[in-house]
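Sequence order for the protein chains is A and B. 77 is the number that the numbering used here gives to position 77 of the first sequence; each next residue is one higher, with no gaps. 92 is the number that the numbering used here gives to position 92 of the second sequence; each next residue is one higher, with no gaps.
Derived by calculation from the structure, the hints in this document are not laboratory data. Computed from a predicted structure; not experimentally measured. Any given hint could be a false lead.
Stated by the list, open to error - Going by beta-carbon spacing under 8 Å, a handful of chain A positions derived as facing chain B:
1. E15
2. G16
3. Y39
4. P40
5. P44
6. T45
7. F46
8. S49
9. F65
10. F89
11. V93
12. S96
13. I98
14. S102
15. P110
Claimed, not checked - Pairs of lysine-lysine, DSS-like flavour, derived with a Cα cap of 25 Å:
16. A:K68 to A:K54
17. B:K57 to A:K54
18. A:K97 to B:K57
Just so it is clear, CB atoms sit at the ideal spot from N, CA and C, and this is done for glycine as well.
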Amino acid sequence: DQQVKQNSPSLSVQEGRISILNCDYTNSMFDYFLWYKKYPAEGPTFLISISSIKDKNEDGRFTVFLNKSAKHLSLHIVPSQPGDSAVYFCAAVSASKIIFGSGTRLSIRP
Amino acid sequence: IAGITQAPTSQILAAGRRMTLRCTQDMRHNAMYWYRQDLGLGLRLIHYSNTAGTTGKGEVPDGYSVSRANTDDFPLTLASAVPSQTSVYFCASSVDPGAGNNEQFFGPGTRLTVL
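One chain only, chain B, in its complex shape:
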């Protein structure tokens, strides 16, 4: 693994189903983030984790949950998917959220379609 990876690459999901998007980084970064990208709205923060064992809510957290059991993994779960959650999801990480410009490194994204 090099950098930050996400799985699956894409998924079509029936409304009401549960889905977990996976994210793994091997850079030993403290902070991790989940964003969704929608046309005309840019990147909106869903949830974040400043360090293993802690999580926080971003701008659009409703319908999503996260966990941070260790430094490397930060899964995002949709408990009961709805069509408005159709989006491209990006996971990102940064060395330290309080350090300088908080440069974030992004994964390749997961394209999720909820029907």
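Bound-form chain A, shown alone:
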């Protein structure tokens, strides 16, 4: 049973608009949630994280929202740029163990 789920395998967004990537989890004991970005033929790179005691964290164009009651988090990218086209992995940390979602491929179209 997947503890971290990204139900949308792909998403297409027009350049300049907002991209919203979603992630659901089942374990209420997770301490942190992270987003990683992955380009083809490269390893994932850390993008942004949020502690379970917060509901929002912002870093430039990237904002992560956490809804603990719904066990849901989302990554907002605004405005979306062509370089944002990549696979985004949601991840959750509990007792120093990290679990990744299956990823969402974001495509930014002109």
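With chain A's structure known, arrange chain B on it following the hints.
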């Protein structure tokens, strides 16, 4: 060396052969990890090491072994490769598995094909 490196970049291997994937980091991170990435399944943890001299099993350890003789190196060995081990393998490291968000730094990956 800068960051975390993996070798080889890609490999085609006959089933039944032994193969070692190499991983080296120069960041003096305590923890290291091996993941495999398969379509629709994301990144799954194979083995990990919280500090030199210790290792542990992840979500999908069967058919793989690791060692951590020193801080920098964390090789992954397939003793007798099978086609289901065809995947992209990522090595990663983090400063301390118990510290904060346990941000991990990833290598560029090894694409392994077992025929």
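Can you name, in rising order, the numbers of the hints this structure does not satisfy? Per hint list: 1, 2, 3, 4, 9, 15, 17 violated.
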